[in-house]
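Following the hints, complete the assembly by docking chain B onto the known chain A.
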Amino acid sequence: MILLPRGNPVKEKLNPARVDLPGALGKLHQGSFTGYLRFEGEEETGILIFERGRLVSALYEDSAERWVAYDAIGRIFEVSLLGKTTLDIYQLSPELALSIHALLHGEVLYRGQELKLIDIKGLLGRIREERLNGCLRIYAGERIALIFYDRGNALGFFHDGATDIETTADVSMSIARLPGAKIDLLATASFDELQLADLQASADLAALWQRARARVQERRRSQEAEEGRALEEREAQRRRQVLEFLRDTATRHLGKVGAALTDKEFDKAVSASALMTEATLVNFYLALGKAARLLAGASVVTRMLEEMKSGVKSLLK
Amino acid sequence: MNLSVLQVGLWLIAGAVSFYFSLGNARVWTSICLGFILILVGEIIPAAVPFLPGLDIPQVQAMGAIIGTVAIMVMTHGFMEYYVFSRTLEVEGKRRFVYLGTGLVILGSLGFVLVNPVPSARTLEIIQIIANANWVFLSLINIDMIRKIYLNVKETPIAKAFLAFMVVFLFIFLWKGSLLYMQVYDLQALAAAYPFRFEFSQFCANLGNVLASLSVGATFLYLARLLR
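One line per chain: the protein sequences are A and B, in this order. Per the working numbering, the first sequence runs over residues 1 to 317. Per the working numbering, the second sequence runs over residues 1001 to 1228.
I should point out that these hints are in silico values taken from the structure, not numbers from a laboratory. Nothing false has been slipped in among the hints.
Here are the simulated DSS-like cross-link-like pairs (lysine-lysine), alpha carbons at most 27 Å apart as the crow flies:
(1) B/K1160 <-> A/K256
(2) A/K264 <-> B/K1154
(3) A/K268 <-> B/K1094
(4) A/K309 <-> A/K290
(5) A/K256 <-> B/K1148
(6) B/K1154 <-> A/K309
(7) A/K84 <-> A/K13
(8) A/K290 <-> B/K1160
(9) B/K1154 <-> A/K256
(10) A/K264 <-> A/K317
(11) A/K313 <-> A/K256
(12) A/K268 <-> A/K313
(13) B/K1148 <-> A/K290
(14) A/K290 <-> B/K1154
(15) B/K1154 <-> A/K268
Extracted from the complex, chain A is given alone in its bound form (with noise of 0.2 Å):
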């Protein structure tokens, strides 16, 4: 989970999966679109930053691992194209875009200190000792701010819905004050340090879309593939339960014969490969009850097929 705050909101909550990304990603590149592309999905988040239309940053997260670039921008189109993650995008001013890409490739120093346990005074001094460049992350719940610092000294606050750095600290506070509040502190590098490459103009992204595609298409392909097997053993062991239960109930209206018939009907009768319903049954209860007459009486024959289609008919559900 990255922590961002959400910026001014451009679009919200579409499936990049019905987009086609490399486009879009073009003509916010035409657009000289300033901002970042946050791809939220359950255990995964993509960052795409772009300043005055240049992609600067690519950052994707998992539970487990993470990465950036070429190799981020590969994960989000795969995880976009799988359709597991929702796509926002918000703008930002330049300088805040730039920020936001400095904090993200930043040393986390502190993480998840609840704030009430913190010495926040004493923090904030240690950040002017020690002429920090980095951000203060405020949080609680689904609420979030940053607290900019250059050299040691406040540069600003970014919250939801802003698209500057801001001077005024109120939001930042009302969530510090909020119950459950956390905050992060992060090292960052400073602005001149930043290399500011634009990995859309240095990247075939188009050639990473058709990669991210074609394994999608073969995870698709495998996952298909995994699930027909799985339906195939459930069929097979639905059909052992049914099968079991024709037996028994034929065993019990006419002995061991009755099994042997049941077993010789039900071959005949429902195909292996073929998902096996009520329907299905149909020739092997006339098969059987056909067969059944030369062992037992109408009456007998009549009642273990009422029983073996009513059992049936729950084992089926």
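Relative to chain A, chain B alone:
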């Protein structure tokens, strides 16, 4: 005491029950039932009602014996089919082929009798001996086959009916065996010299006949009850 009228009455009941039973049941039962009906037609009626028109015609007498032979063969075929079913659990064949096949055999036999010289007394006696020999040996075979069927289906509701059929064939064996014995040794001609053997054989034949007809009727009634 002349048992002929009683015998024909009992065989009529057995024939009627077995005919009724053959309707709506599987082909194997058709063969077995048809066999019992043919006994009535081929042997019991001519023996019990000697004044029926045409019964003195040698060809008719020959056909009576031949139909009797066909009867035991059709029955044996039926039990054989049931035995195959009890082993393989395969039900096959159609009822109409049983009727058609039996009818063709009888028609063929009629043709054979008609194209040949009029049967003499000796010819008729030989035909009777052949018929009774068939009955005796096929009865024994049927008893063994029915025993095997019983073992195969002994847990089914119908199983006890096969024990009853074993008893039926035991009585038929007694009946036809006694007749065969008298024919082979020509005891009728030697009745004065061997009165006990003749009387006893005659008694066994009549007793076997009555018991067979009684047991057939009872067996089919029992079978009908089991298969209700």
